[in-house]
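*Asks:* So the chains spell out like this:
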Amino acid sequence: MTEDAPLSLHVPEPAVRPGGTPDFSSVRIPKAGSVARPAVDADPESIRDLAYSIIRVLNRDGEAVGPWAGLLNDSELLDGLRHMMTLRAFDARMLMAQRQGKTSFYMQHMGEEAVSCAFRKALAPGDMNFPTYRQAGLLIADGYPLVDMMNQIYSNERDPLKGRQMPVLYSSRKNGFFSVSGNLATQYIQAVGWAMASAIKNDTRIAAGWIGDGSTAESDFHAALVFASTYKAPVVLNIVNNQWAISTFQGIARGGSGTFAARGLGFGIPALRVDGNDYLAVYAVARWATERARRNLGPTLIEHVTYRVGAHSTSDDPAAYRPKAESDAWPLGDPVIRLKKHLIVRGAWSEDRHRQAEAEILDTVIAAQKEAEQHGTLHAGGQPSVRDMFEGVYAQMPQHLRRQRHEVGV
Amino acid sequence: MPRRTMIEAIRDAMDVMMARDANVVVFGEDVGYFGGVFRATQGLQAKYGQSRCFDAPINESGIIGTAIGMAAYGLRPCVEIQFADYMYPGYDQIVSEAARLRYRSNGDFTCPLVVRMPTGGGISGGQTHSQSPEALFTHVAGLKTVVPSSPRDAKGLLIAAIEDPDPVIFLEPKRLYNGPFDGHYDRPVTPWSKHELAEVPDGHYTIQLGKAAIRREGTALTVLAYGTMVHVAMAAADETGVDAEVIDLRTLVPLDLETIAVSVRKTGRCVIVHEATLTSGFGAELSALVQETCFYHLEAPIKRVTGWDTPYPHAQEWDYFPGPARLGRALLETMEQ
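Line order of the protein sequences matches chains A and B. To convert, note that position 325 of the first sequence is 368 in my numbering; the numbers rise steadily by one, no gaps. To convert, note that position 172 of the second sequence is 179 in my numbering; the numbers rise steadily by one, no gaps.
The set of hints was computed from the structure by calculation and includes no laboratory data. It cannot be assumed that every hint is accurate.
Facing chain A, from chain B, some residues (calculated, C-beta under 7 Å) [as the list claims (entries may be wrong)]:
1) G56
2) S58
3) P64
4) N66
5) S68
6) T73
7) G76
8) L82
9) Y110
10) S112
11) A142
12) T145
13) A148
14) G149
15) P172
16) P261
In this text, a Cβ means the ideal position worked out from N, Cα and C, and glycines have one as well.
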C-alpha cells in the first residue's frame, strides 16, 4: 500500500466566467516604450526577456514612445488607420449579410485589426503569408479588391474560388496570401517549407506563418518550430493570442508555460511579444523580424497579444463562456481608437475627419457589396456552375471524374 | 541494357530528374549524408549538394508540410517517408492540404509533390514496417497513387510522378527492392540481374501514370494485382496451370479501367489480389468496378485474395501474406464455378 495522497487532475480555468466581473489583473502590461530594441543579429540567448514582456509604442496619451517608435510617417499611419477602419466596416456588413442569409458563415476581426493590417506593410512583393481565417487585413492592406472578397464570401458567379471553398478562406498568390485551408496549424509548417524553398533557390523572398493561441497546441506548431530552427528558414512565425479558441481560454493551450512566445526559446528562435492592439508596435516588430529573415539570420517567433472582441464565428455566442463586459475591460484598448488618437496627437487627424472617413469607408464597402450582390449570393442570383465542382481536382481531369461529371449531365 | 535492382532504378530516377531540373529536391529521414535506410538516395547529396538532398527531423508532418510549401513555391520535392507505416503523422498534410490545394485555390497554388514510401511486408518487419496503406490514399480526391512492380517500371513511373503537376503517392514494395520476389519465401530468390524487367534504360524515360501492363496473357481468368502481388500472381498461374491473364495495375488512381474491362470481358472470371487487409481495401473498389462494367460477361463470382483483417503479424508473417498457394487455390476455385 502506498502512503502517497491520491492524485488529482488539474484542469485550468479562466479567471472569470459569465456572470463574474472581468479581471485582467494577471496580465502584466509594461509601460509603452519600456522594452529595449536589440539589434536584429543579437544572440537569441541575450534577448530571452522579450518573450516575457510586451513591446508597446503608443502610450495612454496617444504618443509614440521608446526605441520601437518612429518608423512610420503621417501618410503611412493614415493608410493604416484606413485599412483597419475598412476591415471593421467590411466585417460589420458581412456579419449582417450572413444574418440575412446571403452566406453560410462569417468570421470577424473586431479588436484584432492592427495585427494583420500592420504586419502586411512590413512585407515586400513576392513574400508569402500562410494566414489563418482571421487575417483578412493582409489582403485589405495590400489593396485586394473588397468586391472579390465578397464574391468569395457569397460563393457567387464571380467567386475567384468557384464556390469550392468556405467563406473567408481566401487565396491570392499575387497578394502574397496563401490559400487558407480551414484546418488548424497545418499551414504553419508549409510557411517554413516555402521559406526553405526561397533559400534553396537563393531568392530573396521570405514567408510568414500564422497561428492562433489555441492551435499552438497542435503537433504542426512544434514541427514548424523544429524545421524553422534546424534550417534557419527565412520565416516569421506569428502567434495571434486573442485569448480565446472558440470557447476555450488560452490557458488550455498554454498550460504551465509563461507565454506562448516562450515556446520559441527552446528552439533557439528569437521570440518577441508585442501589443497586438498597437499598430505602430506590430509594424515595428514585424520590421525587425522580416529584416532578420531577409538577412538570412533565420526565423523569429512573434506573439501578438490581443483580444477577440467578437464571437469566434457566426456559429457561437461568447456570452455562453465569458463575461459580456470582458472586452471592455481588456487592458490594451481598441486598435482603431488608439491609432486615431495618435494621429490626432500628431496633428494629422481630427474627430471630424475621422467621422467623415468612417462615412466614406462605409460608402465604399456598401458600393462593393452592391456590386458583388449583382453577381449573386449563396442562395440567390448568379452561382458557380456545377461543372466547376468537377474541375481542378487534378490538372487534367481523369476518366473516373469525367464519368461522374457526365452522370450529372454537366 | 543495364540491369538494375529496384532500389538502383529508383535512385537513378531521382538522379536523372535532379540533373535535369534544378527545382527537384529530395529529403527525408536519413536521406541526406547516409542515403536512406534502403539506400534509395545514396550519393545524391554528394552529387547535388546539401540544399537539394538533405536529412530531415523525424517528423513526417513536417517533412510533407514543408514539401507542400516548397511545391507551392515552385519546387518539385520528392520526399521519402522511411516506411509507409510512419506516414500517419503526415496524413493530415496529404489529405487536407496537398490533395486539395489546387482545387480549393482554383489553381492559384498547386502541389507538384511526390511522397515515396516503402510499403508491404515480407521482410520480418512486423506491424510497423509491413503495412500497405494504399486504400487510405486512393480514397482521397486529388491524389494519384502508384505502386511499381519492377525496376523498369519504378524508374519510368517515378520520373512521371516527379514531372506530374499534382501530388503523387509512390508506394515502393520493399520486398522487391533488392530482388524480385517469386512468390515463395522459402525458396531461393532470382536476383533482378536475371530478370527481364530489370532492364532499365539509361537517362530519361517515363511510363505514363494510369496505364496498366499485362504481364501474362491468358484466356481463362483475369488476375488484378500490383506491386509484390504481381510476382505472386505469376507464380500462382504457372504453378496451377490456369491460363490466367495477369494485369499489373501500376497506378491505382488514375486507374486503367479500360485494360481491366477488356480483359475480364474476354476471360469472364476475375480474381483480385493485394497484400493489404481485406475490408475496405482497394480490392473492394476493383471488385465493384468489374461488376459495374463486366457484369454480363462474368461466369463466376469475383474473388478477393488479401491479407487478413489483422495487424501485420511478425512470426506469422507468411500465414498473413497471400502467397502463391492461397492465390492458386482461389484461381482453381474460380475456374470450377
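*Asks:* State for each hint whether it applies.
*Replies:* Now the hints, each set against the structure:
{"no.": "1", "hint": "G56", "in the structure": "violated (10 Å)"}
{"no.": "2", "hint": "S58", "in the structure": "holds (5 Å)"}
{"no.": "3", "hint": "P64", "in the structure": "holds (5 Å)"}
{"no.": "4", "hint": "N66", "in the structure": "holds (5 Å)"}
{"no.": "5", "hint": "S68", "in the structure": "holds (5 Å)"}
{"no.": "6", "hint": "T73", "in the structure": "holds (3 Å)"}
{"no.": "7", "hint": "G76", "in the structure": "holds (3 Å)"}
{"no.": "8", "hint": "L82", "in the structure": "holds (5 Å)"}
{"no.": "9", "hint": "Y110", "in the structure": "holds (5 Å)"}
{"no.": "10", "hint": "S112", "in the structure": "holds (4 Å)"}
{"no.": "11", "hint": "A142", "in the structure": "violated (15 Å)"}
{"no.": "12", "hint": "T145", "in the structure": "violated (11 Å)"}
{"no.": "13", "hint": "A148", "in the structure": "holds (6 Å)"}
{"no.": "14", "hint": "G149", "in the structure": "holds (5 Å)"}
{"no.": "15", "hint": "P172", "in the structure": "holds (4 Å)"}
{"no.": "16", "hint": "P261", "in the structure": "holds (4 Å)"}
Against the hints set out earlier in the document, violations occur for numbers 1, 11, 12.
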